[in-house]
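Q: Top to bottom, those sequences are chains A and B.
Take the first sequence: its letters are residues 1 to 485, numbered as in the UniProt record's numbering.
Take the second sequence: its letters are residues 1 to 788, numbered as in the UniProt record's numbering.
Simulated from the structure, these hints should not be mistaken for laboratory data.
For each residue, glycine too, the CB sits at the ideal point set by N, CA and C.
Honestly, I wouldn't trust all of these hints.
If you want the ones that stay clear, here's a sample from chain B, every Cβ over 10 Å from chain A, calculated [what the hints assert, rightly or not]:
id: 1; residue: Leu-137
id: 2; residue: Glu-148
id: 3; residue: Arg-514
Heads up, simulated SDA-like pairs for lysine to any residue below, C-alpha to C-alpha not over 25 Å straight-line [unchecked claim]:
id: 4; chain 1: B; residue 1: Lys-783; chain 2: A; residue 2: Val-14
id: 5; chain 1: A; residue 1: Lys-233; chain 2: B; residue 2: Lys-128
id: 6; chain 1: B; residue 1: Lys-783; chain 2: A; residue 2: Arg-470
id: 7; chain 1: B; residue 1: Lys-783; chain 2: A; residue 2: Leu-466
id: 8; chain 1: B; residue 1: Lys-783; chain 2: A; residue 2: Leu-437
id: 9; chain 1: A; residue 1: Lys-233; chain 2: B; residue 2: Pro-68
id: 10; chain 1: B; residue 1: Lys-783; chain 2: A; residue 2: Pro-239
id: 11; chain 1: A; residue 1: Lys-81; chain 2: B; residue 2: Arg-691
id: 12; chain 1: B; residue 1: Lys-783; chain 2: A; residue 2: Gly-196
id: 13; chain 1: B; residue 1: Lys-128; chain 2: A; residue 2: Gly-196
id: 14; chain 1: A; residue 1: Lys-233; chain 2: B; residue 2: Asp-275
id: 15; chain 1: A; residue 1: Lys-233; chain 2: B; residue 2: Lys-783
id: 16; chain 1: A; residue 1: Lys-233; chain 2: B; residue 2: Arg-689
id: 17; chain 1: A; residue 1: Lys-233; chain 2: B; residue 2: Met-121
id: 18; chain 1: A; residue 1: Lys-233; chain 2: B; residue 2: Tyr-133
id: 19; chain 1: B; residue 1: Lys-783; chain 2: A; residue 2: Lys-81
id: 20; chain 1: A; residue 1: Lys-233; chain 2: B; residue 2: Leu-129
id: 21; chain 1: A; residue 1: Lys-217; chain 2: B; residue 2: Ser-230
id: 22; chain 1: B; residue 1: Lys-128; chain 2: A; residue 2: Asp-226
id: 23; chain 1: B; residue 1: Lys-128; chain 2: A; residue 2: Asp-20
id: 24; chain 1: A; residue 1: Lys-233; chain 2: B; residue 2: Thr-31
id: 25; chain 1: A; residue 1: Lys-233; chain 2: B; residue 2: Gly-67
id: 26; chain 1: A; residue 1: Lys-233; chain 2: B; residue 2: Asp-118
id: 27; chain 1: B; residue 1: Lys-783; chain 2: A; residue 2: Ala-410
id: 28; chain 1: B; residue 1: Lys-128; chain 2: A; residue 2: Leu-437
The primary structure of each chain is shown beneath.
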Amino acid sequence: MTDALRFVLGGRVVEVPQADPAMTVLQWLRANGRCGTKEGCAEGDCGACTVVLGELDGGGHHLRYRAVNACILFLPQIDGKLLVTVEDLADGPELHPVQRAMMENHASQCGFCTPGFVMALFALHRTGGGTDDDTIHDALAGNLCRCTGYRPILDAARSLPPKDPATDRFDRAEGGLATLLRSIARPDALTVSGQGRVLHQPKTLADLSALVLAHPKATILAGGTDVGLWVTKHLRTLPEVIHLAEVAELRTLVEGEDRLDVGAAVTYTALLPVLERRLPALAALVRRIGAAQVRNSGTLGGNVANGSPIGDSMPALLALGAELVLHRDGQRRTVALEDFYLGYRRSDLREGEFLERVLIPYPRPGDVFATWKVSKRRDQDISAVCAAFRLTLAEDGTVAEFRAGYGGMAATPARARALEAALTGGSWSEAAVTAALPALDADFTPLSDMRASDRYRAAVARNLVLRFLRHTGGEEAYALETAHA
Amino acid sequence: MPDTALPPVARPIRGGVHAALQHESAAGHVTGAARYIDDLPELPGTLHAAVRLSDKPHARIVGVDAGPARLAPGVAVVLTADDVPGELDIGAVMPGDPVLASGLVEYAGQAVVAVAADSMMRARAAAKLVEVYYEELPAILTAEQALEAGAMVSPPITMARGDAAAAVSAAPHRLTGTLEIGGQDHFYLESHIAYAIPRDDGDLLVHSSTQHPSEVQHAVAKVLGIPMHSVAVECRRMGGGFGGKESQPAQIACIAALLARATGRPVKFRLDRDDDMLMTGKRHDFHVRYDVGFDADGRIRGLEMDLAGRCGMSLDLSNGVVDRAMFHADNAYFLPAARVTGHRCKTHTVSNTAFRGFGGPQGMAAIEHVVDEIARSLGKDPLAVRRANLYGGGLGGSPGRDTTHYGMRVSEPDLLAELIDEIERSSDYRRRREGIAAFNAANSVLKKGLALTPVKFGISFTVKHLNQASALVHVYTDGSVQVNHGGTEMGQGIHTKIAQIVAEEFQIDIDRVRVTASTTEKVPNAPPTAASAGTDLNGHAARLAARAIRNRLTDWVAGHCKVGAEAVMFRDNAVFAGNHAMGFAELAKKAHLDRVHLSATGHYTTPKIWWDREKGRGHPFFYFACGVAVAEAVIDTLTGEYRFPRVDLLHDCSGSINPAIDLGQVEGAFVQGLGWLTSEELWWDGQGRLRTHAPSTYKIPTSRCLPEDFRVRLFDARPNREETIHRSKAVGEPPLMLALSGWLALKDAVAAVGDHRVPVRLDAPATPERVLLAVEAVRAAAKAAGAA
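When you get a sec, could you build the whole thing from the sequences and use the hints?
A: Okay, here's the thing in structure tokens:
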């Protein structure tokens, strides 16, 4: 059995009866005459394929918009959603304010990246994005331009007039679009099969649990920011896929008294406002995971379950003592994250089991927590080294507890137990920390690769502890970000 | 002719030269309507191509099993080198570049087998099924290894003046050293693509994303064994080029053409990003050795320099690239005695190619490093040493110091001193230098650096015959004008500028002028759009073509109105002759009815240039384009991370045809140069395989990499002394080298760790890793110096 996909595009419901579940939204658009959206990399790293998705909010009357990379988004993932591409922005000859701003600021040269920038800015404009530079950079970090040097694009973003609900086309159309989206809302699971592949998209935890049990070899797809590449780059066929982003129970985020309880399908973007309140140090790091398009699709759960040695969230979760709730056939078990990884991209997940929730304890009052990522480029890069530290000092100023999580240093993200042991019980001072640093050599033997040499990784792993020492001493003035002219 | 003094159409023209117009495709860009080759509607039966790449750097091919690929779903044909009907080799200058590997692979990433199937994914899947059997051979991977082995794609040449060795020995001070300068991937957002469409009589139309349609035409004709008149190559626009689409598109187009010929069907070959980065050439990385003698003021007495470019497996354009590195080994500085030797190293890596600056950036990086180290060794501000070495008798130099090491007189030797004075003032260099010293004294973890660097870049192809251009202009009877020229549009705005030039010539609104796709059918035998000379050359040619028509119209008006030709004036969308006036459209119509020919070609050749490569002497450049930059950097000495709090640029765009476009070129080139020198690292593993072949691993700048305070100004006080088109100056490449200021500001910050007392070596790209390792080296050296 296969269902027809339905989504809204150009003010109409589009129905795709026999979709190949592994076809990307970008491939579909370009095959259907919408060539404004470009392929620059097919791996979600350049933003030329940026499109905007609209979804009904909880009340079912208003739309929430988010920019995503169409090149690593499978067509079934947009079932029931509004798809907006660069062709949809202008109203006849009347350009959208974003388009006008780009033209007036001479913000295109070769023009190939331009539709992607227009859509990223459109999403910023729709979400009422601020005009401060930090917000603009956050909105554009996933879009590469090789010609302009960005200044005119930034000026276009800075010059954008605030959205006027009285005249804004998309505001005026919102009621109609919401009606269309309600008309294609799907109460039950979706199954799409074609080209020898099948994709299941359950709506409830019970359905998901049954599907995983019935198809234990299936690939679990959350945001697709990594799985997408398995298809576009490694040409893997993925005969069975279970997509969990539409499972309502997995999209919940519970802000508890002493911990965050994060469903496996919660995107980074949904997580960020809560982190800003509860764990600002982690929020700062999450803003450097991928870029807006990736955070709009990607999930913490996916990052954890994937178990990549360079996943950026894990060092922090290890330092904080995060736990995972694993689910199999209605049964749950809780494991500490540090016990979850068994080796390179190997985890403790059993057959028929899936990651349901991530539990993140807050640092205790008085604890100091910080996490840093070091990479060649600040935005949308993968760590050479990522480290996170949590320090609890005893009354007498000695180290009661010190937890350090590292990424990029071994086959899996891991705690630096020798370092932790060397510091625990001693004084928290430059002398003590310096004396303890050689313990890191017992914890890790890093590799050399295209991101960094072993020597650099070892040096940075040590120096980040020194940075943390200064941080606990309140020395913020040294941060690069604040060292303005 | 009506006797009205002012016809209704007469009003000032919109968009002649010097107007800051928007790019001609701006509306198409922001709406997605501007079409690139992959956006062209596909003809029925279109096939898609993919290639099987070598994963060995150097090996004999002992067998190819394409059987499973031939049987894969959707596959129409699988081709190897044996199936090429014409010539196999498509080397741009000399043979060495087989369109498909034949018997031997010489880099990991070389195309061995080509597949056409009914979809791109199926073609790629089928290409993976091809089995190639190799017998591995020893591989040379770096320029240094090639120098040792004497492996060269072309013999070394030397440019020399005086007895450099003696001058170095006799000088009061001397420094020797080496430097590594990394390469760079072009990372145009549109990867390589060609769409080959069979026509009648065995002819072929090829849509190619290329800076050099004529070369693509030549190569396609060669591999198919058919005359050039049977091959048409067209390019409306590229999604970026930067030199990467000068010689490289030929192979892509040839593979599409071969598959189209073999199947009789249209074939599109679009490279996936990874294949693009693995298959196609990049900016040359260089290994530099220097030995310099200088006096107590830091003034260079003699310089011996070896510039060894890693050319890869074939010559491609490497002679020109390494030559240009040698030409710019002086940058802005007078070298009284010099011996500059350029080595063209043959390695088993991808054949490196043109990239914005074409070797100039590497030559300049080398000399700027040397000048910087001279300053450090003397305990001087590097700016003082730069000034002491400038060409010219003006503010910084002395008379007679105005000839390059290859014998060309610098015609505006004082311009750089003027620019430096200006930016030193406007950037507040002196006060900030003091502020930075205070900051560094007060901070142990963060260190700041400051650097001011000049750029003097020679404009012209150093291969003389490329310095020509043609254009074809049609005036239609409604007064609309179509312009075809030999240049190609890659985002740099050449079509906009040339439309402005033609509008200016006819004195009509720019809306009446349409510049068409570049095609070998309208303008034959064009040089590549490269060397920053696109507008210089094609703008002249277009003006000459327009002028030829205007002259005919002038004669016709003079006869018609019975006035002398000198009384005929084109202005305000009209022509005026005595008391007569006529709108341009009316003029075109009437002239045509009176059998005036309204189409013309123009051909331009650059004057004054010559170059004797054997002797290393000549006047290879029509003129120099100049600019200056001041960059401030701050580094974190715990991690090597850094930012650029402020950068000031002042670039000479006097006489600009379009200041908005030129500003975009300056800013864009600077940021691209900064990427080359900072975050863009090409990394090969021990087996000669490039491991940074996609944006996930190869990091070009993002918007946050911009200097936080970025002040860019166009200097416009000195129109070109030479008779360039409207006295403008070429701008495509020169500002890229302004980014050397950023690299040297990082170096200055590293030097601050050792209180500017010990030498610093900071190879490019200065990734956070290289910065941290340089910091550690400086700390160790300072400690050793302190102990001694």
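Q: Could you run down the list of hints and mark each one as holding or not?
A: Tested hints:
1. Leu-137: holds (25 Å)
2. Glu-148: holds (24 Å)
3. Arg-514: holds (18 Å)
4. B:Lys-783 to A:Val-14: Not OK: Lys-783 of chain B and Val-14 of chain A at ~71 Å, beyond 25 Å, violated.
5. A:Lys-233 to B:Lys-128: Holds, because 12 Å separates the two Cα atoms, which is no more than 25 Å.
6. B:Lys-783 to A:Arg-470: holds (24 Å)
7. B:Lys-783 to A:Leu-466: holds (21 Å)
8. B:Lys-783 to A:Leu-437: Distance ~21 Å between Lys-783 of chain B and Leu-437 of chain A Cα, so the pair holds.
9. A:Lys-233 to B:Pro-68: Holds. Lys-233 of chain A to Pro-68 of chain B sits at ~21 Å (cutoff 25 Å).
10. B:Lys-783 to A:Pro-239: violated (62 Å)
11. A:Lys-81 to B:Arg-691: violated (38 Å)
12. B:Lys-783 to A:Gly-196: It is violated: about 67 Å lies between the C-alpha atoms, which goes past 25 Å.
13. B:Lys-128 to A:Gly-196: holds (20 Å)
14. A:Lys-233 to B:Asp-275: Measuring from Cα to Cα gives roughly 10 Å; hence the hint holds.
15. A:Lys-233 to B:Lys-783: Measuring from Cα to Cα gives roughly 49 Å; hence the hint is violated.
16. A:Lys-233 to B:Arg-689: At roughly 17 Å apart (the allowed maximum being 25 Å), Arg-689 of chain B and Lys-233 of chain A satisfy the hint.
17. A:Lys-233 to B:Met-121: holds (10 Å)
18. A:Lys-233 to B:Tyr-133: Measuring from Cα to Cα gives roughly 24 Å; hence the hint holds.
19. B:Lys-783 to A:Lys-81: Outside the cut-off at roughly 64 Å; violated.
20. A:Lys-233 to B:Leu-129: With a Cα-Cα distance of about 15 Å, the restraint between Lys-233 of chain A and Leu-129 of chain B holds, given a limit of 25 Å.
21. A:Lys-217 to B:Ser-230: violated (55 Å)
22. B:Lys-128 to A:Asp-226: Holds - the C-alpha atoms of Asp-226 of chain A and Lys-128 of chain B are around 21 Å apart, at most 25 Å.
23. B:Lys-128 to A:Asp-20: holds (21 Å)
24. A:Lys-233 to B:Thr-31: Status violated; Cα separation ~29 Å.
25. A:Lys-233 to B:Gly-67: holds (23 Å)
26. A:Lys-233 to B:Asp-118: holds (19 Å)
27. B:Lys-783 to A:Ala-410: violated (33 Å)
28. B:Lys-128 to A:Leu-437: Status violated; Cα separation ~47 Å.
The structure is inconsistent with the numbered hints 4, 10, 11, 12, 15, 19, 21, 24, 27, 28, although it conforms to all the rest.
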